[in-house]
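Novice: Make the full structure from the sequences, and use the hints.
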Amino acid sequence: AIDREFTEHPTSIGHPSLGCEAKIVDEKMQELPRGAVGEIAVRGPNVADGYYENPEATKQFFREGWFLTGDLGRIDDNGFFYVVSRKKDMINRGGENVYPVEVENTIYLHPQVLEVAVYGVPDAVMGEKVAAAVVAVPGTSPTVEEIKAFCSDKLAKYKIPEYVLLSAALPKNAGGKVIKDQLPRTF
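The numbers in the working numbering rise by one with no breaks, and the one at position 116 of the sequence shown is 137.
To be clear, the hints were calculated from the coordinates, so they are not data collected in a lab. Every residue gets a Cβ at the ideal spot worked out from N, C-alpha and C, and that includes glycine. Worth double-checking, as some hints may not be accurate.
[What the hints assert, rightly or not] Label pairs and their computed distance ranges (CB to CB):
1. F101 <-> E74: 33 to 43 Å
2. R206 <-> G100: 31 to 41 Å
3. G40 <-> N99: 19 to 29 Å
4. E123 <-> I200: 14 to 24 Å
5. E74 <-> P132: 48 to 58 Å
6. V146 <-> R25: 43 to 53 Å
Specialist: Right, here's the structure in full:
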């Protein structure tokens, strides 16, 4: 049955482990309805009570017995959890929330895209605008216009990257994670 769940919900992180609880909450720790995006909060015997000798971080991330993960997610009608973004990575474009993971997953569908990192760049009018750094599959050369056009029928207009940087590589840490802070902020 578990194997079937993975194939039927391939982008889900599944259900909470046995004996553990998880919920989606807003900034005031109020539980949100199914389908709504909020922060994932967890509690259970496998969750610490706080950060060792760090009362500031404990106060920030542990509330009412729940640990706030920093992940934004949602729960579907069948109780499956989905991560949509890291809270700190969310882009606020003119009051609209853009989740980089959603835009990245769309751009990854382009057959000439090997890697992509989506992030926000400061904008005087909109607050932030959407940018994407793209690494092409070797031997291919997608254009900025092709990437934007590819997104046009798959994403809401405000989610389509206004800036697309074609790059030979993305900056990464020793663990292979993209360091978005090292990507260009001005275009």
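Novice: Sort out which numbered hints this structure fails and list those numbers smallest first.
Specialist: No hint contradicted; all consistent.
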